[in-house]
Amino acid sequence: DPVSFLAMLLLRTARRCVTAVTSAIRCATTIPSRPLSLSATRPSLSTPSGGLLSNASLLSPTPSTAAKTAHAVLSGVHVARTRLNDVATLIRGLHVNEALAQLQFSTRRCAVDVSKTLRSAMANAEKNAGLEVAQLVVEHAFVGKGTYMRRIMPHGRGRHGIKHRKYSHLTIVVREVPAEEIRNGKRWIRAKRSTDANASTPVPAA
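Residue numbers (my numbering): 1 to 206.
For the record, the hints were derived by calculation from the structure and aren't laboratory data.
Accuracy of the hints is not assured; some may be wrong.
List of simulated lysine-lysine pairs, DSBU-like, C-alpha gap at most 30 Å [claimed, not checked]:
| no. | residue 1 | residue 2 |
| --- | --- | --- |
| 1 | K68 | K116 |
| 2 | K116 | K127 |
| 3 | K116 | K145 |
| 4 | K166 | K116 |
| 5 | K145 | K163 |
| 6 | K116 | K163 |
| 7 | K163 | K68 |
| 8 | K68 | K145 |
| 9 | K166 | K145 |
Could you build all of it, start to finish, from the sequences and the hints given here?
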C-alpha cells in the first residue's frame, strides 16, 4: 500500500532525526566549559631575555643532545644473513682495534666485507664527525635481509631443482666513549651493564 509505505518512511526519518539531536545534545554537554589556553599546548619560543628564537637555533642540536656516533652501511653482500650475523656478533661491543683483530683471524669469507665496513665507519667518525678513533667502540652491528633470488639447478635425468642466491645488508655504528670505560679484551656494552647493575645493587648494612 503506498500510504503505509509513506508512513513507514516518515517514521524512520523521524527516528533518525531524534537520534541525531540526542547525540548532539550529549556531545554539547561533554565539552568543557573553559577552553584550553594556547600557552599550555604550544611550547614557548622566547628566550629568557624576551626575544624570539631564530630558526637556526631551533634546528641546531645542543651539545648535550649531539650524538657521538658514526655509521657505515654495506648493501648487497652475497652471503646469507645468518652467516653474516655470526661474524657481526664477534665485534659487537668491542673496541675498534680489538674488533679488527677478531676479523683478521676469522676464517669466515664475509669477515673481509665486515672489516671493510668497520674501517669505513671509523673513517666517517674521524673525518665527518670529528671523533677520536682511539675511543671508538662498536655500538651496533646489525644485519638485514637483502635480495632473495631463485635460480634453476640442473639435476640428472632431465630434472631440475631450485637454488637460492641470498644477499644481505650490513650496518655498523661506532660510538665515542670515555677512555676509562674502555677495557681491553672485554665488550663495552656488557661491562657498562654490569657496572650499572653493581651501582644499583644496595649495599647491606654491617
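Here is what the structure says about each hint:
Taken as a hint, the K68 and K116 pair is honoured in the structure, with Cα atoms around 21 Å apart against an allowance of 30 Å. Taking the CA atoms of K116 and K127, the gap is near 16 Å; set against the 30 Å cutoff, the hint holds. For the given pair, K116 sits about 19 Å from K145 by alpha-carbon distance, which is consistent with the 30 Å threshold. Restraint check for K166 and K116: satisfied, since their Cα atoms lie roughly 20 Å apart, inside the 30 Å limit.
With a C-alpha separation of about 17 Å, the suggested pair K145 and K163 falls inside the 30 Å cut-off, and the hint holds. Simply put, K116 and K163 have alpha-carbon atoms about 28 Å apart, close enough for the 30 Å limit, and the pair holds. Restraint check for K163 and K68: the C-alpha separation of about 43 Å exceeds 30 Å, so the hint is violated. Distance restraint check for K68 and K145: the Cα-Cα separation of roughly 27 Å lies within the 30 Å cut-off, and the hinted pair is therefore satisfied.
Using a Cα cut-off of 30 Å, the hinted pair K166 and K145 holds, with the two alpha carbons roughly 8 Å apart.
Hint 7 alone, counting from the list given before, is not met by this structure.
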